[in-house]
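Q: Chain residues, written in single-letter form:
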Amino acid sequence: MNLNKIALALAASTILTGMPLSSAYAADPIKIGLSGPFTGGSSSMGVSMRDGVKLAVEEINKAGGVLGRPILLVERDDEAKNEIGVQVSQELINKEGVVATLGYINTGVSLASQRFYQEAEIPVINNVATGTLITKQFPAPDNKANYIFRNAAPDSIQSKMIAEEAIKRQGFKKPAILSDSTNYGQLGKTDLTAALSTLSVAPVAVEKFNVGDTDMTAQVLRAKEAGADVILTYAIGPELAQIANAMAKLGWKVPLIGSWTLSMASFIDTAGANGDGAMMPETFIQAPTTPKRKAFIAAYQAAYKIDRMPSPVSAAQGYDSVYLLAAAIKQAGDTDGRKIREALENLNEKVEGVVTTYDHPFSAADHEAISANIPVFGLVKGGRVVPAHPEDLEGANALRVKPKG
Amino acid sequence: MQYLPQLIVSGTVIGMIYAVIAFGYQLTFATSKTLNFGQGEALTLGALVGLSLVWWLMSLGFGAGWAFMLMLPAVLVFGMVQGAVVESLGVRQAMKNKSEAGWIMATIALGIIFKNLAENIWGRDALKFPSPMPETSLTFGSIRIQPMEIAIIIGALAMMLAVELFNRRSIFGKAVVATANDRDAAGLMGINTSLVITFSYALSSMAAAFAGVLVAPITLTGAAMGAVLGLKAFAVAIIGGLSSGLGVVVGGLLLGITETMVGYYFSTGYKEVPGLILLLLVLSFKPSGLFGKATIKKV
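Same order as they appear, the protein sequences are chains L and W. According to our numbering, the first sequence holds residues 10 to 414 in order. According to our numbering, the second sequence holds residues 213 to 511 in order.
Note that these hints are calculated values from the structure, not bench results. On a predicted model such as this, the values are computed, not experimentally measured, just so you know. The beta carbon of each residue, even a glycine, is placed where N, CA and C say it ideally should be. Among the hints, erroneous ones may be present.
[Said to hold, decoys possible] Which stretches of chain L does chain W cover? Using the computed rule of at least three CB atoms under 8 Å from a CB of chain W, they are: (1) 215-226; (2) 230-239; (3) 247-256; (4) 271-284.
Input sequences plus hints: build the corresponding full structure.
A: What follows is the structure in structure tokens.
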């Protein structure tokens, strides 16, 4: 076989497998896809996530890369739109030939896009989206393997935490639930009601509003009239701010406790002083409670020349997702999707992340890296999120690790 | 019943916003029998331009209140220019060709273009509009109302009254009324009816831009803010009647107040339904609207 024939065979195999020719060379970069909304209503989360990811990639590349190859990020803006997310996933898989993809802020986009990765046997690590269904879209008997992983706190954990914080820890008895009419709000409302009923509490009022509603008087008055002593929320930033503002206008003040979206910049900035005191479960709060967190915050602030991270949770989880993936590629010794998945499901290296230290975070049956003991409650105070119960992050409590099992 | 006055007040505020936008629909319909389906986007652009101006003026050291007052005339002029652009690009050609649907598609298309423009210039995040007035509520008995909400009611009424007075008293306004009554006859009398139509579009977008800067301080400003408001105002214009200035005020109040009342007394999940039922009822029994004059088209 002469050289020409070899080249021809190589070219043919490239066309057949759809793999770019260049990936045959060892020194070439490892391509990792990144999909998230970098413009639009959820962009503060998307951009923070991207910046966290980029920070980790730079660190890894500076230290020599993975398997001796640098990581190359292929970033695409999915605009928080399902159809764009689908296009992005196809482009990343077929044109760019990524070995894995990180990202997704919006549960809908994630659910619509990740089936293509599942079919192509390329792992996805969801680092922000919280919908409970995300890692359970391709369950075991029907699918040989599940390629979808997550290192964010799923809604099932968050709703439980919200209910326990309000009822058990703070002793409220008459919660009202306010949620928006999107999937996020309505699924969250269902989870919250279920979590409350396990504590044998029923919400005194369950109110709904649309994204873009300008007047929340009716919703807030109904909750007030029902005698609510706490408001539990499942919605996104702008409408959450409208709730806080409507409460202030009507001169009624009860605590707001809700999903982590209460830490969105669009809530904190637009509600201003009215939003002070709102509480939400957070996997990471911008506070140097461990050396790793301290280093991460300093690196982030230096790299992006800002003081307050727009969405600290997204940034930290984005950062950690890169290290999880890098460890898996290292362990697999290869960039084949199947081998990376197998390595993720049995990760031998302890990965020291910002959120937690990941010690065998995934197994074949469990693709959630964040367990219920990891998030703590954050509190909005003077335009920032601070720990609601500082003792939760003191001493031995600072580093919360997923229990073995 | 304890909260009834509060609900009426809150409904009135949102109703007046609907009314101002619907007033804009009514202005162009009167002269040209066409509507600007990009009215919601005209509101968005007005609010965002106003926001940028307020930021700029505040960076020059003006207080939020002064910045708002100084910004107002500029936004009104911007609204007029924007309306004239919509008319000349979207409506004039369709009317010349006697196209029945051309202006519908053209104004919708322009609305989408304006929305994309706004997304690219101001981003798609909701932004906080600095309130020109204190944000603490005033208490009157059992009613709590923000100063800005009072300003919305007064401002909306004043703007509509000013336009009505202008149309009825000034010579140029008479040309508008004449065109509205009978375009062909007005043309024969030497009135430049196409200019009058351009002018009505300018006034219409001005009303929308004004509504935008009025509502922005009590809600949030962003590229998506106009879509829902524009649609609701369209319902208001149909309910009140597209040929009546008084009709849109009544229609706006009706829709705003039923929404908050149904939200409170019935269920917030069905807040929007009664307004739409009202719309269907009006369309079935009095298609020209509650206050509209039925037009007899002679063929």
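Q: Each hint should be assessed against the structure and marked as holding or not.
A: Status of each hint after checking the structure:
no., hint, in the structure
1, 215-226, "holds (count 9)"
2, 230-239, "holds (count 3)"
3, 247-256, "holds (count 4)"
4, 271-284, "holds (count 4)"
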